[in-house]
Structures are given as C-alpha cells and as structure tokens.
Amino acid sequence: MTLADPATTAATDSSHEPGGPDELGASRPFRADVWRRFRRNRLAMVGLTMMVVLVLVAIFAPLIAPYGITERTAGSARQSPSLDHLFGTDDIGRDVFSRVVYGARVSLRIGILATAISMVIGLILGSLSGFFGGISDTLIMRVTDVFLAIPYIVLAVAIATVLGRSENAIIIILGLTGWLGIARIVRASFLSLKRLEYVEAATALGFSRRRIIARHILPNALQPIIIYGTIAIGSVILAEAALSFVGVGPQEPTPAWGAMVNAGRGRLTNAPHMLFFPGAAIFVTVLSFVFIGDGLRDALDPKLK
Amino acid sequence: MVDAAVTSSSSPFTRKDVLLSMRGMRAGFTTDDGFVRAVDGVSFDVQRGEVLAIVGESGSGKSVTAMSILGLQPTLEIAEGEILWKGTDLLTMSEDDRRAVRGKEIAMIFQDPLTALNPVHTVGRQIGEMARIHEGLDKKQARERAVEMLDLVGIPEPRKRADMYPHEFSGGMRQRAMIAMAITCKPDLLIADEPTTALDVTVQAQVLEVLVDIKDEIDSAIILITHDLGVVAGLANRVLVMYAGRSIEVGTTDEIFYETRHPYTLGLLASLPRLDDAGDEALVPIVGSPPSLIRKPSGCAFHPRCRFARVPGNCQTDDPALRLVAGDAHMAACHYAEELSGVTVESLRSMIDFEAEAARIDDTLPAEPLEPEDESEYEAALRDVAIAEAAAHPGVMDRGVRDRGGRDGSEWPAQPEDPRDGEVAP
Amino acid sequence: MRRQRRSLKLLALIMGLSLVAGACGSDDDEGSDEGSDEAAQEEGVQGGELVDLGTFAQGPPEHIDPGINTTSDGWQVGGSLYDGLAETDFSDPENPETVPVVAESWEVNDDATEFVFTIREGLKFSDGEDVLPSSFVRGWERASDPEFAGDYSYLFTFIEGGAEKLDGEADTISGVEADDDAMTLTVTLAEPYANFPAVAGFQTFMPMPSAVDELDDQSEWERGIMIGNGPFIMAEPANDQEIVLEPNPEWDGTQYDESLELPEQPYLDTLRFVIGSDLDTAYNAFEAGEGDVTNFAPGRYQEAQDNYETTIDTPFLGAYYFMFNDRNEIVGGPENKLLRQAISQAIDREDINTDVYEGSRTTATGITPPGIPGMEEGLCDYCEYDPDAAEEAYQEWLAEGNELTEPLPIQFNADAGHEPVVQIIIDNLAAIGIEAESVSIPSEDYFGQLAEGACVFCRVGWLADYPTYDNFTFDIFGTEALDGNNYGYSNPEFDELVAEAKATTDIDEASELFRQAEQVLLNDDIGVVPINWYNGQQVYNGDKVAHLFEEPTGHVVWETVSLTG
Amino acid sequence: MPSYIIRRLLQIIPTVFVALSFLFFIFFLLPGEPARLIAGGAERNVDPGVLERIEERYGLDDPVLVQFGNYWQRTIQWDLGDSYLTRESVNEMLGEKAVASLRLAIWAIIIEIIVGIAVGLLSAIRRYSIGDRLTTILTAAASALPVFVLGFVLQYLFAVQPNKWDWPEWARLRTSGIGPDTWTFFFIPTGEQWRYLILPAITLASVTTALLARMTRGSMLEVLRADYMRTARSKGLGEREVVLKHGLRNAMLPVVTLIGIDFGTAIGAAVLTETTFNWPGLGSQIVTSVQQRDLPVLLGFTLSVVLAYALVNLIVDLSYAWFDPRIRLGKGDHG
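Chains as they are written, first to last, in the numbering used here: chain W, 1 to 305; chain X, 1 to 426; chain F, 1 to 565; chain H, 1 to 335.
For the record, the hints were derived by calculation from the structure and aren't laboratory data.
Check before you lean on any hint, since a few could be wrong.
[Unchecked claim] Straight-line distance between alpha carbons at most 25 Å, and here's what the computed BS3-like set of lysine-lysine pairs gives:
id	chain 1	residue 1	chain 2	residue 2
1	H	Lys245	X	Lys186
2	H	Lys245	X	Lys160
3	X	Lys139	H	Lys245
4	H	Lys164	F	Lys544
[Said to hold, decoys possible] Covered, in the sense of this in silico footprint (three residues per stretch, anywhere, with C-beta under 8 Å from a C-beta of chain H), are these stretches of chain W:
id	region
5	147-158
6	230-240
7	253-267
8	285-297
All residues carry an ideal CB built from backbone N, CA and C; glycine is no exception.
Just chain W, same shape as in the assembly (with noise of 0.2 Å):
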C-alpha cells in the first residue's frame, strides 16, 4: 500500500472540519453540528441560560446590586428577607442580596481561574505521562500519588499558612490540589488515542512528537477533559466553603458564597436566609455547569443520544 506524500497530507488544511456524523444526512461543519445538538438539550440549554445569567450578574454587580459590600446599617443585623433587603441582612446589617450578586464574581474568578490552573498542570503532566510513557510516567504517577494520598485539606492549610488567606491564595491552593484528577484522565485518553491508527500512522512518518500530541491527541482528548472541567469549576467553588469551613477561605469583607455559607452554618435556624442564598447561588452554579457539561457530553458524543 502507497501512502501519500506525507508533506501534503500532513499539509491538509487544519480548518477543514469533516463533515456530519451521519451517513444519511447532509455533511454540515462540526462544531455547528455539536451547538445544534447542544441546542436541542433542553437542560443544557437551561445550564447555559443561568450560566449566561450568573455571568452578566458579574460583570454588572454594581448595577443590579442596591448596596455596597460594606455597606452596613446599624442596628439591622440578621434581618429577614423584605423589600429593602432581598435575600435579607446578614451578622452586621450588610445586605445579603448585595453581597450574593458581588459574590458571583468573587465565586467564578475562583472557580475559573484555578480550573483553569489545574488544567493547565493536569494537561501538562497527564500529556507527558501519557504519551511518554516510562520513567517519566512512572515518576508523574508517583507524584501524583503521593498528593492523592495527601489529604488535601492538609495541603490546603499548609499552603494558606504561607500564602496568607486572600482570594489569590485560594485559587492557588484550589488549583494546586486539584490537577490530579484532570492528569489522570488526560493520560488515560492518551493511552487509549495512542494506539488508534491514526496516531500510529501519525509516528510511522514520521511527524514530531510535540505535533503529534498538540494536533492529533489533545483535541481527542479534550473532549472528557472539558466534561470534567465544567464539573470542577463546581466543585472548587464548592471546595471554597470547605476551606472556609477549616479557617482557610477568603477573609473578609470578601463576599465569597463558600465563606458565606461557612459565616451562616450556625443560624439555620435563627436566620437562614444567611445559610440559604449563598447556598442556593453556588446549587445554581454547579447546577448550570452540570447541566452545560452533560450537555456538552451529549453534544459532542452523539452515539449517547
């Protein structure tokens, strides 16, 4: 069997995508096709509606919030939930609703921007220890075992005990700790892409390394990647109250939901709404990313439908 010239396949247009899934239907472009069956997903499109909506809370915080973070009445501390006050006052009269919508810049940045570290360490070593394989595979398991087993409470507070307590030490703790898994997953793609013959062809002429993960591995692995990290972002603004929870989350007067809930856990029942809006604020936001993640599942994986 000849093969082509491998200078001219390997000079085919990379904006070319292929086309439809279907034998049947007509070929249409990739990414259009994957945001039509997004589309299609009912929940998914309501994960991306609050996303959408979570996100333009952020941005206009100072529009929609009628008062400052700081802002405080005397006198008006844990006040239920009324006009005036929305989601209603929390310890020392601040307006709950104020302080959930600033929050939702605080929460996301954290969420976002240690996901987004993470990723970057997990695509690094899980790529490495994937594609390598041998002695730096072996030694990236290894470390990435000895951090699983490390309780990651216990790094956290270690590393908060150097760092200081702000909102950038928490996305470095957070996005330290949680790259193991993305490393995991990313290797484990890598095994199994590996072997595929397109990659295997890829080798046998010869292309480098480096192109081959960059072009031919990593947009095939991406795919589960981006799943779990739509989860994540979840999960570390989650892990943001657990921090808080152990005397490591972000200080005040930050209006971190996490630390929120922490700061409302002992009035469930003399003042809930302190417990309960931060709480329903980041339920909607690990709510929206599950839905846009199993959405983007879907999507992308249409053998599931």
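Knowing the structure of chain W, use the given hints to seat chains X, F and H on it.
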C-alpha cells in the same frame, strides 16, 4: 408505492413452508433532520432451509431490515408492514413471546464479534447462557453444551477455550464462537449480519465454510446480510438487492449474477474483483454516494448514479416498481430492466472510458460522507489516502471505507483495537 | 491570667471566644442567693446524672492535670478533682473575696513577703491518703519541675527560689517549707505580694498524693485515674469521647469553712462531660435532648433566650479590647493621641454589642470589668460613641500636619469570630474619614507576632485568672508585664502607681491607686480601646436541672449542682 | 498475582516516604515555632526559658536534617512519637481513631455503593424520565451542598425536631458522638449504636454517592449502546437481565477507577463530617494537627491515610482486574 403489491399472496415467494415473511415493511428513525426512511416498503419470504442473501451498500437499509425482525433497535419506528414468523406477526406479539423466539427460533450472528461478545464474560459462559435461557440448563450442563458447540464450529481444545475471554481469541475464532452461540438452540433461522466483514480475508473463507456446514447440520434457514457479492455467490440460494431502503432486484443467485436486470446490481458486480482475472482488467466503481434517506432523489432513487438512466426522462420522475422481469421469480425495479438483458459485467467494462471515469471520480469523491464525528485532521488525511487507494482498486472501495462505525449509522469512536478501519488491502 | 485559649481548635468559634479563658479557681462556693435568677433557689434532690455538652464542645481538653493545665475547660474537671489552699468566694459578685479552703487560715508578715498557711486536719485524698502540707510541696515541686512544667509554672517565680528551680539551677524551691506535724506550710516570696493567697489557690498549686511519685513520666498522671482531694473522682480514665466523674466518698464539704455552705457530698451521682468538636453541633445535641447543659455561640444568644428561660449570662471577669502599639509610628506616642482619641470615639460599641453579640455582652466603660474588687465603671473618657467629636479630633490631628499614608491595619486572630467586629469598626472609621483595613493573622501566630512588636491596632481579649485589680493592670499593661503582654504600651507613671498599689495592703487605698493607673492608661495615653466585657453563654435544661451556678471565671461549681426529682 | 500484590505493596514505600518527607519539610517552612505550640503558647507569649527546654526535650534545636533522620529512624520502628500538644502517644491515638473512622467509612461506602449505583442505573435506563431529571438535580444539589451544612440540616431534622415533637426515644437519631461504641463483627452497630451512626454515615456518603450516581449513569448510558448488549438481547434475555448480567460489570469499569481517584474527596468529606458529628476519627484530628503544627500527630495520621490510600488503590486495581479480564495485573503500571 407499489412494492408491497408485488409480494401479495399471489407472489411466487409465498410457496410451501415459509418460515418468515416480511410484508410491506416501512420503518425508520426520527432524527434531528427528519425521518430517515431506512426501510421503505420491503417484502420477502424465507423458506425453511434456504439461504437468502440481502445485498447492498451501507445505508441501503439491509441491516435495519434484519434487525427489525428481532426488534433489536429500540429507536426503530415501524410505520407499517408485518413480519410473520411461522404465521404469527412478530410485531404484534407480546414482548415475552417475542423474547422466547429470540435466540431459540431466530438467532443472530453479528458483524464484529469483538464488540458483539461481552468482554467481561468467558466465551463458554456466553454460549452456555443461550441454553440456560431457553432450555433451563444448569451452570454445569450449560458449560458442557458450550464446549460441545465450540467443538462443533471447529475450535480446537474447546474445553480450554470455553474458559477464555473474547479478547484471548483471534478474530476468526471469535466469529466461530459467535456462530456457536447462535446455533446453540438449533434455531430455525439464522440472521448473519456481515459475518465475515470484520475478518481477515484469509479467515473469511473458513468462517463461511463453518456457516455452510452448520446450516446443513442443523437445517436452519439463513438470512445473510452482506455487501460482498463474493460471499453471496458461494452460499446463497436467493439474493435480494437493496438500494436506498428498497428492494430493487430479487432472484436466484444465478439469475442475479448472470441475468442481471438492474443497473445497480450490475454496478455491484462490475466492481467485484475476481481472483481468476488476469489482474489487468480494471474494475468499475459505482460513482457517487448513496442517497440521503431523508430526502430521496425523485423518480428512481438510483438515477443520479445510473449509467443507463434517461435523464431527463421517466427515471427522474417515476419511481419504478419491483416487477417480474424474467423466469418465475426474478424481479427488478427498473423501467428499462428488459434492455439490460444481455449486458454483462464484461461488456459493461468495455463500454467505459476509464480516463474520463477517473476525472469523474475526482469530482465526486470529496463528497464521501462516511467520516466519523470528531475525525481529526490527520485521520481525514488518512481517509483521503484510502480513497485514493480505492480509486486505484475500486473493488475494495466499498469495503475499505464502508461503515466504519456503521452498525446504526454513525457510532464512533471505534474501539482502539477495532481492526476494521485500517483494512485497505489491495 | 492568660490569654484566652482554645479558639484555635479546628473550627474555632463562630463568633468570639465564648466561654473560654484561662481560669483561676474557686470551686466550692455556692451561689445560693444572688447569682443568676434562673439558678433559682430550689434545692434539688440527691442523685442522678448530669450531661454537660458545653465545656468541651469544641474539642478535648489539652490537659486536665491541674499542674500543667492552662485552660478553663480543663479546670472544670481539675477543679472538681482537687481542692486548693484558698478560693475566691463570688457570693458577692461585686466583691469577690479570697477565702481559705484546704487551708484553715493563713498569716502574712507586714511587708507581704512571708505567708504561713495552716492546713486543715482530717482531709484525705480519694485513695485514703492524708492531705498534708507536704502534699502541697509535692504538688508544687512537681508543677515546677522543668521537665514537666506547664505554662503557668512562671507563677512559681513569685516564690523565692522558684525561678532557680524552673531554670534547672536548683532541685527544689527554697522558699517553701512544710511541717506535717504542725500542719503548716510556710512560703517565702521573692517580691512583696499581698494578694498571694489568691494565687496560691490557683490550679497550678494543687496538692498531690504520693502516688504521683511512682510515675516515671508525670504526663501519664492525667491519662489514668487521677487521685485528688476534691469533691469528685474519675469513674474511668478520660477518653476522647467523655470524662465521667463520680462523688469522692472521702470528701466532705462540711469539713470546710461553713461560709462556703458546701454539701456533705456532691448531689450528682454522675457528672458526664461530653467531648465534642463543634459548638453548633453541641447546641443541636442540647436541643435534641442529648445533654443537660451547654454553651452556645454568641449569635444564638437571642434564640436561646427565646426558647429557654434557663440561659446563664454571668458577667465574666473579662474584657474585649483593642490596643495601640505605643511604639508604632502611625498611632503611637503623645503626638498621635488625637488620632487614638478619634478612633476610640468613632467606634459604636453599643452597635457592636447588639449586632454581633445580640446584646449578650456588656458595653465597656473601662478596661477592668465589674466583679474585680475596687473597680469602678465609667473611668474611660473616650469610650462613648461620639462621631462628631471623633471627626473633630481627627481633623485636628490632620491639621497638625499628620496624615495616614496607608489604610490603618486592624489586626485580629483569624476564625475566632472577630471579623464582624472589625468590619463594623472599619465602617465606623470610614464614617469619620479614616480608611482602615482588616488584617487577619492565624491564631497560631497571632500573639507571638504581637509580642514581637507587630501590633499597630490589634484585638486582644483578657479573662482574669483570679479576681484582682493587678491582674487587669500589671499583667497586661505593665512595662514588666510577663511575656510582653503589653504589646508596646509602656508608661512609668502607670508602672509606679501599680507597683505602689500591689504593695498596699489596705484594699481601698490600693483600689484607688489601681483606678488612677487605669485612668492614665485610658485617658492620658489612650493606649487601649475597650469594647465590651464578656458574659457567660450557657443554657441548661430547666426541666431536669434544679440548680446550676456559673462563676464569673466561667467555672461551674459542680458539687453544688443538683437535679430536680 | 501474589507477586503483583507484593510488588504493589513495595511500591507503597516510596509513596509513603515522599509524602511524609514532603510534609515534614513543609512543616519547617510554616511560620511559627513548634516549641511555642508545645508550650501551649498559641495565643500568648511563652517564657524563652520554657521554649529552650522544650526545644531540647523534643530535639527541635537540632538541624532539620538530623531531625529528619531521627524521625525516620523512629518511624521505621513504628514509633510515631508523642503529640506535642497533649503528650499522648500517637500510636495509641491512631489505633482508636483509625478504627472509628474505618467503621464510619465502611457504612458510608455501603450506602454509596447501594444508592449510588442503583440510582445511576435507573437513571440511565429511564433516561430523560422524570426520575432521571430528578436524579440529575439531586446529585447536583448534593454536590452543591457543603457537607457541614448537610450535617446540620440532618441533625436538625432527625434529632432536634423529633425531640421537640416528643417522639419515642428509639425514633430520635443522635446529633453527635460515637455513643455506646458497641459493634458486632467489627462494623455492625449493635443496640443503640445505629442511632449514632446513621446521620454521619449518610452525610459522609452524600458527596461520593452523588458522584458515583452520575458516573454510573454516564457509564451505563454508553454500555447500553454497546454491541454486546444487543447480542444479549438477541439471545432472548429480558431487559433486566441484560442490564444486570451484561451491562453492570462493564459499566463499573470507569466507576471503579473513579473510586480510586476520589479518595482525596472522601477524606475531605470525612474531615468535615467527623467534625460536624463529633465522630472521634482521624478526620478532624488531622486538620487540627496541621493547624497547630503538631508534627508527630500530623505525620502519624498522614501515614495512616497514605497507607489507606495505597490499600484502597490496590483493591481498586484488583477489582478492576476482576471487572475487566482484559486487564492483566502485573503488566505495566496501574496509573
């Protein structure tokens, strides 16, 4: 449409001892783009002991037709028609009754034994399970039966093999095991869906041989679904050719091969390489791609690809009915079936200007729609290579790039260990 | 004395340090009259089991051995197992008094340097061994053994030869002498100290039976069944779930001074301290009927009051305040007094109390809390909320050519519930034009950093070890204050007044001097910004508990606790 | 197989060594002097003389490397030292607490497996049904609700309220503590014990159950479309048997891997759960020890967690091999 009328009670197919009778079957799938008419008015009978081959390209509806018999596609919507099994309509049967038929009376042999066998159970267990379900054997008896069956399909050391897992079998052995499983309860009808496609060429013959032997041994009828006319020639009594969800030609094997009355069948035959050929004789591909089953071409669905089509003319406007064209049971759905009398593969080949043809192929091939979903750029390139190869050796084209996930149309990604995709052998 | 502890437990407190504190003892006293109204007069019945959920709600005690214990929660147990030479009688909360317990009496020489304690005859440890003057010597030598000594061992430096013992230069404390025949214990002090009996009643000075001599490692003592001379004995060794006490049959409360009005035996058959890990869980457990008494977080004060009529809010001998570092360039020195005044007057202490503490504390008008003999309310000139005066003072300070180049750091230990207070102060200061920022420091490092001079404007809390005025002046603001507790405050005038007061045996005269010293601190220097005085936060099951009294040190006198029928 | 297990057990050694050494050195990077903590001086100042004596007693004045060497010398002999804070032997603390943690974990795992898999399966089979949608929302809720909040809510609903309603004693669950600590066959609660166990077990299981349900659902959805499932149906098996006999085991493959990866999440949940319910396990202690720089306790407890992790992963790998005969143990690394 008119097909249904052809297999009315007066049809020559409804003779003695009919096991299965499919009548006016219309079925398909609802997709985002519309309703896919995968089976569009198909009728046929299967008699006890005969081998009926259903032939067609991928997407012609042949697999769906077969699957509809056992009801294995939950998403398949049946618009009309009936499937009579020994006189009872399978489609109106209770689920329990139908389950009693499955495996015991009608058994299925799937195309890719690697994915069709459960990777986590031993081969022996999977074979024995058939007997446990339908004959109530206990674990030990079932195992004995499995060993017996493995022996029957010619697997050496069956006792040892029974305890092994599918991945420990070679491709041919796996398909034998699959066959062993299917015949465990001595079914009256075996449906073999592309039983040799996933196998190496060298193994294909062996497996077919097993199939033939088994048929004689247990005296069951076989519906053989294949795109490979070579397989048909040695095995089938009768052949049903399908195109775009329709049956377009039916007849005995000899009739189909030597008195072809449909341009499509002729095209299929012309694209078939012959081992006895000197090798310098060029093969003739069917150009273009199968039509969309959602929006079929007007008139004869085949006319855009037909060398003999009269365009403009009734080929473009009228859908030809399946009608008796020769002998007592040779039927074809072509307005000009009679004119094909006398046209042979050889004469067809001599008609063709290969250089012009090559130019035409270049124009049409990029439309090849069979790539998988998330195909990478590099795989697209590899596919192009395969297509180029296929253009040089058209006989394998259909196979080389045919349904790479083709069970239900678009499954992907293939298992990494799936050997099918790469087979672009000359 | 001692900074409040315990808040560093995993979950810290949600709000403020509730009960916690270094404690001083006094156990058997009984609040039969005054005290809290809720504590009712009814005498309960003999017998029954009481489950306490509050004492160890946030974690097990580090120690229960009084020789090394530093925390008030540990002393709830230790104080029930041991009786010391003396105790503070809080029956008149305005005027606590040091009264003899195991000592029958004591005599002091004129310059307050030598004390002779006479020990009661016939007292026994729970194993039957007699309590003798030498039992005290044994306990004191043990607690001052450098290999074993705990935090409070510095108290032995008050005694002649104590410092040498602690430094390992001497084998025994030269200033202590026991005469078992005469039943006297003679103590020679290193410096004059009229209030020494109050210190001698402190937990570090408990007597010990000869059984401790058999241990290779004294830290094993609290892991077994400690033998003591107090009203209770341990039913079993302490574990991480509970500490269970039973009456000590060898103890007889009537042997002590009648004025203590102690019962012959504790009323309870069983006293069970449940060890928890979270204050809110403990409160849930109480509400679920799993225990009879608990503490609660400050933010639940109103809720507890609404649901139960049996909350206890004994005023504690403790103060919650912020300090200025006098040596700091931004806020320290006479030149910045106006700034300090502005800050102090800008803070709305009432609002802090209502919003953060649901009114459960007492807004401070000075640093020394009610209950300390000689204390007077309203000593502070600048502790009232007066934003106009504050702004005026700030403007004046600016007009003198000063300015704040950076936001004023307000330092506090993290996760102990101080965040809301600091946020309110930041808000208050913003109102008069001062920009401030909160700086939380992990509890583990906080006081260490302050002592090294890091304090600018920093939060401190103080609970008295024993109810003396010097404990609220000398120990926290004196130039010689132990361990650098003054965090930068130093004024010779203050020091002189305090020294003079300490050496004065006349109580009124001494008190007057102490008050003068406090005014120097509060008004002349504005070295400290008092916020509020602590109150207890306990609630008990009124259906079951007939009588329960919490002392201003946070200690419950368990042998007087009784149940209803 | 045995040689594989031995080899895997040997692999634990470097993991343990690196993990503990890492924490050991991190500890010295943390601000604050251990001696001060040992002196109980977290919130106050301690006399320098006292600090010196403590440093000497605990060898804290030695160079770090010497301390490191000493540490390993002792650890190899399974002498984990005494707590800086309480002076208790870490070996003893570990013994008691590990057992309590283990019992709670066993029940959480039982709940997780039964509920998680059942819900995931049903959800996959009845895809897009109301139950499936509900499951999606509930599992998202479970992963959006901090464990400690769930704990408080459960305490309130099942212990506080029943008390206020005067329910009979047996119907009231307990908010905290381990209770009578009576067990049969190590882990079956006996007598009153179940009333103490049930809430923390549910709370601990909540997060991982939700994860497991989601994973099972996703995995099962894929398996349902596998060729061999069609084969099984073609044999005449009923849908239930097809799913249980042919689908479940295949669907469990990715799920089993998840259990290994999610060990850390489970430990995190255990920390919060044990604290909230005052369950005397390793969880709460381990964070306290890092906050308080109680090095012997921190390292001792981490050692046990690392060992548990290694063991769990070994079991995961063994069961993975059982689930999937294509995996041959001993060949290559588990990853």
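* Asked: Within the assertion that chain H covers the region 253-267 of chain W, do at least three residues meet a Cβ-to-Cβ distance smaller than 8 Å?
  -> holds (count 4)
* To do: Verify the coverage statement for the region 285-297 of chain W against chain H, using a C-beta to C-beta distance below 8 Å and requiring 3 or more qualifying residues.
  => Since three or more residues must qualify, the claim that chain H covers the region 285-297 of chain W holds, with 7 doing so at under 8 Å.
* Restraint status (C-alpha distance of Lys245 of chain H to Lys186 of chain X at most 25 Å) -> Judged against 25 Å, a Cα distance of about 23 Å means the pair holds.
* Under the criterion that the straight-line Cα-Cα distance not exceed 25 Å, is the pair Lys139 of chain X, Lys245 of chain H satisfied? -> 15 Å, holds
* Asked: Does the alpha-carbon distance linking Lys245 of chain H and Lys160 of chain X stay inside the 25 Å limit?
  -> 23 Å, holds
* Asked: Counting residues of the region 147-158 of chain W that have a beta-carbon nearer than 8 Å to any beta-carbon of chain H, does the count reach 3?
  -> holds (count 9)
* Do three or more residues of the region 230-240 of chain W come closer than 8 Å to chain H, measuring C-beta to C-beta? -> holds (count 4)
* Asked: Between Lys164 of chain H and Lys544 of chain F, does the CA-CA distance stay at or below 25 Å?
  -> Since the Cα atoms of Lys164 of chain H and Lys544 of chain F sit roughly 15 Å apart, the hinted pair holds (cutoff 25 Å).
Violated hints for the displayed structure: none, as all numbered hints are satisfied.
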